[in-house]
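Colleague: Spelled out from the first residue to the last, the chains are:
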Amino acid sequence: MMENQNIQPNNGLGQPVIEIKDLYKSFEELPVLKGVDLTVNKGENVVVLGRSGSGKSVLIKIIVGLLKQDSGIVKVLGQDVDTLQEKELNALRLRIGFSFQSSALYDSMNIRQNLEFPLKMNRKNISKKEIALAVEEMLNAVGLEDKVDQMPAELSGGQRKRIGIARTLILKPEIMLYDEPTAGLDPITSFEINNLINQMQLKYNTSSIIITHDLTCAKETGDRVGMFVEGRFTRMGKFEDVFDTNDEHVKGFYNYNFIQ
Amino acid sequence: MSINKAFQFVVQFFKQVLKPPFHFAEIINQSFEMGLKSLPLITLTGFIVGLVFTKQSRPPLEDFGATSWLPSLIGIAIVKAMGPLVTALICAGKVGSGIGAELGSMKVTEQIDAMEVSAINPFKYLVVTRVTATMITIPILSFYCIVVGLLGSYVNIRAEEGTSFIAFYQNAFSTINFLDLFTSVIKSVIFGFTIGIVGCYKGFNASQGTRGVGIAANQAVVTAMFLIFMEEMLIVQVSNWMRYF
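Protein chains in written order, with our numbering: chain U, 53 to 312; chain Z, 385 to 629.
Treat the hints as calculated values from the structure; they're not laboratory data. Take the hints with a grain of salt, since some may be wrong.
[As the list claims (entries may be wrong)] Calculated cross-link-like contacts (lysine-lysine; reagent style DSSO-like; alpha-carbon spacing at most 30 Å):
hint, chain 1, residue 1, chain 2, residue 2
1, U, K113, Z, K389
2, U, K290, U, K94
3, Z, K403, U, K120
4, U, K180, U, K199
5, Z, K389, U, K86
6, U, K224, U, K199
7, Z, K403, U, K172
8, Z, K508, U, K127
9, U, K172, Z, K421
10, Z, K403, U, K139
11, Z, K403, U, K176
12, U, K120, Z, K389
13, U, K181, Z, K508
14, Z, K508, U, K180
15, U, K73, U, K127
16, U, K127, U, K172
17, U, K120, U, K139
18, U, K199, U, K176
19, Z, K389, U, K139
20, U, K303, U, K290
21, Z, K403, U, K113
22, U, K224, Z, K508
23, Z, K403, U, K180
24, U, K113, Z, K399
25, U, K120, Z, K508
26, U, K255, U, K127
27, U, K176, Z, K508
28, U, K113, U, K94
29, U, K172, Z, K399
30, U, K139, Z, K508
31, U, K199, U, K172
32, U, K139, Z, K399
33, Z, K403, U, K224
34, U, K120, Z, K399
35, U, K176, Z, K399
36, Z, K399, Z, K389
37, Z, K508, U, K113
38, U, K172, Z, K508
39, U, K224, U, K255
Treat the numbers as computed from the prediction; the structure is a model and nothing was measured.
This is chain U alone, in the form it adopts within the complex:
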């Protein structure tokens, strides 16, 4: 296990699907990412663990091209995200799923329409029957087939998260980016979401980055865990190894989560 900036491929897994080198990002005068290095391999779940405001979400927003870095290289599925034209970036985005912290379901659409929307907009030749089958498959996968005609406002927080994940997976992405998947949920619902993330990885063979400050989520879902402190990784490895340290930041985070 490495300290003070990881970040090596796990040789037991497939080829790298995400490679980040020396990534910097500031907002006006405030530096948020301070030289991040990270490699995610095919079929691997990497958890980015850190306090709120440490720059975790900024990291995955750069990966998907929602934000631009100041410097550094971000390669996703072999393509340098920063240099892509709009069409190429959109083609790449179809291979990446992004599950938002707020679920980001479209308020004006019911659940069926939420799931159909990315398919209708991106697969011009898809038939109505194929769309209906895809929606049914995804709702079955997240266990919410009975909510198909409800509006997002009628669902609980956990159900919204599940639908958000289903909407993302309907395009069959190769990479999943989860932004705080268990934030604001009770322990039982968090446990269900963690299971869902693992099931989706097995079923659709996705590689994932999971952003969280929830240690249970990190332990349950991560093949590797990276401790993210003030804009950079300070430790990376298996969950038990990361916390086998006397580092104040890391121990404090562990103790707060499990003792509290």
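Chain U is already provided as a structure; the job is to place chain Z on it using the hints.
Modeller: Just chain Z now, with coordinates in the frame of chain U:
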């Protein structure tokens, strides 16, 4: 900085409006929503404006023994100025604030980002469709407001002078020429564009959570109304100038 940002937003609209894909279904849906929801208010306001304007214009004309000019005066006022202006102001309040609040809410709850990461162009799907819809809907609503306004005026004139419907309309349109009608239509299209683009711009740039949504809706109305008055002044100047050529 803000003016430059707004200018870039407008430029982006013109760049994207003619590029496929064209979301016709969404444009029709938005036009229908905007039109239908504004109809009761425009009916009421247009009718009352026509009726009250006629009532208030009568005494001064009576002083000069010129009440027979009343339909012509009302025709000029409603077709050239009040119809498009009243419609635009109502729609700035109703449609503009709605667009600002809806897009602002989508922005702060990451729904716009969700579209973008799904390889859907949110500008094309949300802004181009809404602005196109307002550019189609406002002229239609303006025409409707003119008809209802003239009807309100006719009701009063019929009650006071007993003028027939045909005579009223012949008099009302006797002083209206093609340039007047053309200017009214163009003006309504410009007002529609203003309402749509301001609402979308304010919504797209909303921040600070739910407070930001309220601010976006409020600024969408205030800015659109201010611009509509500025445009009205400018268009009147230009159309008067065109009369000499």
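Colleague: Now, for every hint given, state plainly whether the structure supports it.
Modeller: Right, here's what the structure says about each hint:
1. U:K113 - Z:K389: Between K113 of chain U and K389 of chain Z the Cα gap is close to 22 Å, so the pair holds against 30 Å.
2. U:K290 - U:K94: 17 Å, holds
3. Z:K403 - U:K120: The hint holds at about 25 Å.
4. U:K180 - U:K199: Distance ~20 Å between K180 of chain U and K199 of chain U Cα, so the pair holds.
5. Z:K389 - U:K86: Distance ~29 Å between K389 of chain Z and K86 of chain U Cα, so the pair holds.
6. U:K224 - U:K199: 21 Å, holds
7. Z:K403 - U:K172: 19 Å, holds
8. Z:K508 - U:K127: Distance of about 27 Å is within 30 Å: holds.
9. U:K172 - Z:K421: 28 Å, holds
10. Z:K403 - U:K139: Distance ~13 Å between K403 of chain Z and K139 of chain U Cα, so the pair holds.
11. Z:K403 - U:K176: 17 Å, holds
12. U:K120 - Z:K389: 18 Å, holds
13. U:K181 - Z:K508: 27 Å, holds
14. Z:K508 - U:K180: 24 Å, holds
15. U:K73 - U:K127: The hint holds at about 9 Å.
16. U:K127 - U:K172: Holds: K127 of chain U and K172 of chain U sit about 28 Å apart, inside 30 Å.
17. U:K120 - U:K139: With Cα atoms ~17 Å apart, K120 of chain U and K139 of chain U stay inside 30 Å; holds.
18. U:K199 - U:K176: 26 Å, holds
19. Z:K389 - U:K139: 24 Å, holds
20. U:K303 - U:K290: 15 Å, holds
21. Z:K403 - U:K113: Distance ~27 Å between K403 of chain Z and K113 of chain U Cα, so the pair holds.
22. U:K224 - Z:K508: Since the Cα atoms of K224 of chain U and K508 of chain Z sit roughly 24 Å apart, the hinted pair holds (cutoff 30 Å).
23. Z:K403 - U:K180: 26 Å, holds
24. U:K113 - Z:K399: Holds: K113 of chain U and K399 of chain Z sit about 26 Å apart, inside 30 Å.
25. U:K120 - Z:K508: 21 Å, holds
26. U:K255 - U:K127: Cα-Cα ~25 Å, so holds.
27. U:K176 - Z:K508: 16 Å, holds
28. U:K113 - U:K94: At roughly 20 Å apart (the allowed maximum being 30 Å), K94 of chain U and K113 of chain U satisfy the hint.
29. U:K172 - Z:K399: 24 Å, holds
30. U:K139 - Z:K508: 14 Å, holds
31. U:K199 - U:K172: Between K199 of chain U and K172 of chain U the Cα gap is close to 20 Å, so the pair holds against 30 Å.
32. U:K139 - Z:K399: 16 Å, holds
33. Z:K403 - U:K224: 28 Å, holds
34. U:K120 - Z:K399: 23 Å, holds
35. U:K176 - Z:K399: 23 Å, holds
36. Z:K399 - Z:K389: 15 Å, holds
37. Z:K508 - U:K113: At roughly 21 Å apart (the allowed maximum being 30 Å), K113 of chain U and K508 of chain Z satisfy the hint.
38. U:K172 - Z:K508: Between K172 of chain U and K508 of chain Z the Cα gap is close to 15 Å, so the pair holds against 30 Å.
39. U:K224 - U:K255: Judged against 30 Å, a Cα distance of about 11 Å means the pair holds.
In summary, the structure agrees with every hint in the numbered list given earlier.
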